[in-house]
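So the sequence lines, in the order shown, correspond to chains R and U.
Residue numbers for the first sequence follow my numbering, beginning at 1 and rising by one.
Residue numbers for the second sequence follow my numbering, beginning at 1001 and rising by one.
No wet-lab data here; the hints were simulated from the structure.
Any given hint could be a false lead.
To be verified - Straight-line C-alpha distance at most 20 Å; calculated EDC-like pairs for lysine to aspartate or glutamate:
id : chain 1 : residue 1 : chain 2 : residue 2
1  : R       : Lys9      : R       : Glu53
2  : R       : Lys57     : U       : Asp1027
3  : U       : Lys1042   : R       : Glu62
Stated by the list, open to error - Listed next, the stretches of chain R that the computed footprint assigns to chain U, with coverage defined by at least 3 CB atoms under 8 Å from CB atoms of chain U:
id : region
4  : 14 to 28
5  : 64 to 76
6  : 79 to 86
As the list claims (entries may be wrong) - Listed next, the stretches of chain U that the computed footprint assigns to chain R, with coverage defined by at least 3 CB atoms under 8 Å from CB atoms of chain R:
id : region
7  : 1042 to 1051
8  : 1100 to 1114
Ideal Cβ positions, reconstructed from N, Cα and C, are used throughout, including at glycine.
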Amino acid sequence: DSGVTQTPKHLITATGQRVTLRCSPRSGDLSVYWYQQSLDQGLQFLIQYYNGEERAKGNILERFSAQQFPDLHSELNLSSLELGDSALYFCASSPGGRALGYTFGSGTRLTVV
Amino acid sequence: GENVEQHPSTLSVQEGDSAVIKCTYSDSASNYFPWYKQELGKRPQLIIDIRSNVGEKKDQRIAVTLNKTAKHFSLHITETQPEDSAVYFCAALGSGGSNYKLTFGKGTLLTVNP
């Protein structure tokens, strides 16, 4: 157990729907990073939050959004889902604002049908 | 922003042989280079990392080398074992505005044949 908790582990939904993925960072970690992993694109950075505020943004679609709550857990919201959104979504956390000591959660496998 | 290229995409070796995976990065100010191992269906796990003020780091059968001038770094696994079979990702921590996240290579699928 890495200490980073992601729920749910698996999610199957239809095109056009909206889902929410949840991540709880390791105790004491202030930063949360979201990554999308598909077969042909590797680990693609989506967004980072540090202590409740957005710190960095990657190739995140406008249909996707995220937030980090006062208890430091984070949610990634994916809307108007398309078949191409099917992927593994990983959350990682680190103690500070820089990406040192990155620890990944076990991921959420999203399947859009 | 930072760009990381990783080669080869697949690598097959016999048990006991060595394996080498190479990465290049674009941002000369990058200063932290971790390597992650991902087994099938599992999360990426940090196996070794190196900072830019060090040229080489070893941990048992695993070593990483860094050439800042050429902007490349490599993972070396000696005496490979079947349990080393996995996807390996290199990453680089950029500078300035991209200093907050790791940029990953596309991964190398290593297969160690018994």
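Task: Ascending list of hint numbers which this structure does not respect - done: 1, 3, 4, 5 and 6
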